[in-house]
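In the working numbering, the protein residues as written are 15 to 236.
The reader is advised that the hints may include incorrect statements.
Claimed, not checked - Okay, derived cross-link-like pairs now, DSBU-like style, lysine-lysine, Cα gap no bigger than 30 Å in a straight line:
#	residue 1	residue 2
1	Lys-198	Lys-32
2	Lys-198	Lys-137
3	Lys-151	Lys-225
4	Lys-225	Lys-214
5	Lys-137	Lys-151
6	Lys-214	Lys-198
7	Lys-31	Lys-198
8	Lys-225	Lys-32
9	Lys-225	Lys-137
10	Lys-225	Lys-198
11	Lys-198	Lys-151
12	Lys-31	Lys-225
13	Lys-151	Lys-214
Derived by calculation from the structure, the hints in this document are not laboratory data.
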Amino acid sequence: MVSSWTEYLVLERGQTKKYRLFTGRYEALAEIADYWNDETEDYDIPDQINGVAVVGQEDDYLVGGQLSAAESNEIIEFESLNESLVQVWATMQRWDIRKLKPSQLGWVLGIGSVRAIAEKKNKHTFPDLSARHILYKGRRYIAFAVSMSAPFRRYESDYNFVIWDGLYDAAVAVGTVMEDGTVKGELAFSPVEIEIPTSKSMTDFVRRTRKAQERFFRESGA
15 MVSSWTEYLV
25 LERGQTKKYR
35 LFTGRYEALA
45 EIADYWNDET
55 EDYDIPDQIN
65 GVAVVGQEDD
75 YLVGGQLSAA
85 ESNEIIEFES
95 LNESLVQVWA
105 TMQRWDIRKL
115 KPSQLGWVLG
125 IGSVRAIAEK
135 KNKHTFPDLS
145 ARHILYKGRR
155 YIAFAVSMSA
165 PFRRYESDYN
175 FVIWDGLYDA
185 AVAVGTVMED
195 GTVKGELAFS
205 PVEIEIPTSK
215 SMTDFVRRTR
225 KAQERFFRES
235 GA
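Working from the sequences, and respecting the hints, build out all of it.
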C-alpha cells in the first residue's frame, strides 16, 4: 500500500524576514469513506469538517484547512531570492525555482499588476465571512476580526483584524484594535512594512488604508 499527497511551494510574508518559502500540505480531516451515501451511490462531501474548510481529496482522505509545513526544515525565511541559501534550500527540497525571478516576487504576493486585474472585474468579491465578527462593512471594503480560534491565513498570530478589498479580492491591510479603541496596522500586500496612520475608529482606518493603498500603487507603478 502506498499513500500519496500533493505538496505545494508556498511563498508568503515572513515573520523574521521579508519572505518565507515552505513546502506546504493540507491537513487530513477525515476518511472519504465516512461520507459514502448508499442511496445515491456517491460521496456526500461536506463544505466543512469540524469547522475546517474542505478543499479536496488526497488518497483516501478529505483534506483542508491551511497549508502548513510538516517539518521545520521545510521552511526558510529570506530577504532576496538572490541569496544562495534559497537555492540550496530549493535543491534540498527538490523545487525548481530557477525560473522565478526576484522581480516576480511582487506578482506572486499579489502586488504587481493588481490594478490591471481589478479593472477587468465587474464586481466585488469577498471570502466566506458568514461566521466572522464584522468590524466594518462597505461596498468595497470589509474589516473582520481574526484570532487563534478564528484564524485567517496566519494573520492571527500578529494581528486581530483583516481588511479585505473586494475590488482586488485580496487582504489589503492587517492590524490591531487596541484596548482604548484606537486602530493601528499596515498594508498586507507590500513587500516592505508600510504603516497606516493610527486611527480613532475602524471607519477612519479603512479610509486611511485606501489612501495608503492608492499611494503605494501610484509610487510603485503596480
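Taking the hints in turn, this is what the structure says about them:
1. Note on Lys-198 and Lys-32: the hinted pairing holds, with a Cα-Cα distance of about 20 Å set against a maximum of 30 Å.
2. This hinted pair checks out: Lys-198 and Lys-137 have alpha carbons roughly 29 Å apart, not beyond 30 Å.
3. For the hint pairing Lys-151 with Lys-225, the CA-to-CA distance comes to about 17 Å; that is within 30 Å, so the pair holds.
4. Distance restraint check for Lys-225 and Lys-214: the Cα-Cα separation of roughly 16 Å lies within the 30 Å cut-off, and the hinted pair is therefore satisfied.
5. Restraint check: the Cα-Cα separation between Lys-137 and Lys-151 comes to about 16 Å, which is no more than 30 Å; the hinted pair holds.
6. For the hint linking Lys-214 to Lys-198, the alpha-carbon distance of about 9 Å falls within 30 Å, and the restraint holds.
7. Proximity of Lys-31 to Lys-198 is assessed by CA-CA distance (about 21 Å); at most 30 Å being required, the pair is judged to hold.
8. With a C-alpha separation of about 23 Å, the suggested pair Lys-225 and Lys-32 falls inside the 30 Å cut-off, and the hint holds.
9. Straight-line distance between C-alpha atoms of Lys-225 and Lys-137 comes to about 21 Å, which keeps the hinted pair within the 30 Å bound.
10. At most 30 Å may separate the alpha-carbon atoms for a hinted pair to count; Lys-225 and Lys-198 meet this at roughly 15 Å.
11. In summary, the hint linking Lys-198 to Lys-151 is supported, as the alpha carbons are separated by about 18 Å, within the 30 Å threshold.
12. Under the criterion of a C-alpha separation no larger than 30 Å, the hint pairing Lys-31 with Lys-225 is consistent with the structure, at around 26 Å.
13. Between Lys-151 and Lys-214 the CA atoms are separated by roughly 17 Å; this keeps the pair inside 30 Å, and the hint holds.
Violation of the numbered hints given earlier is absent; every hint is satisfied by the structure.
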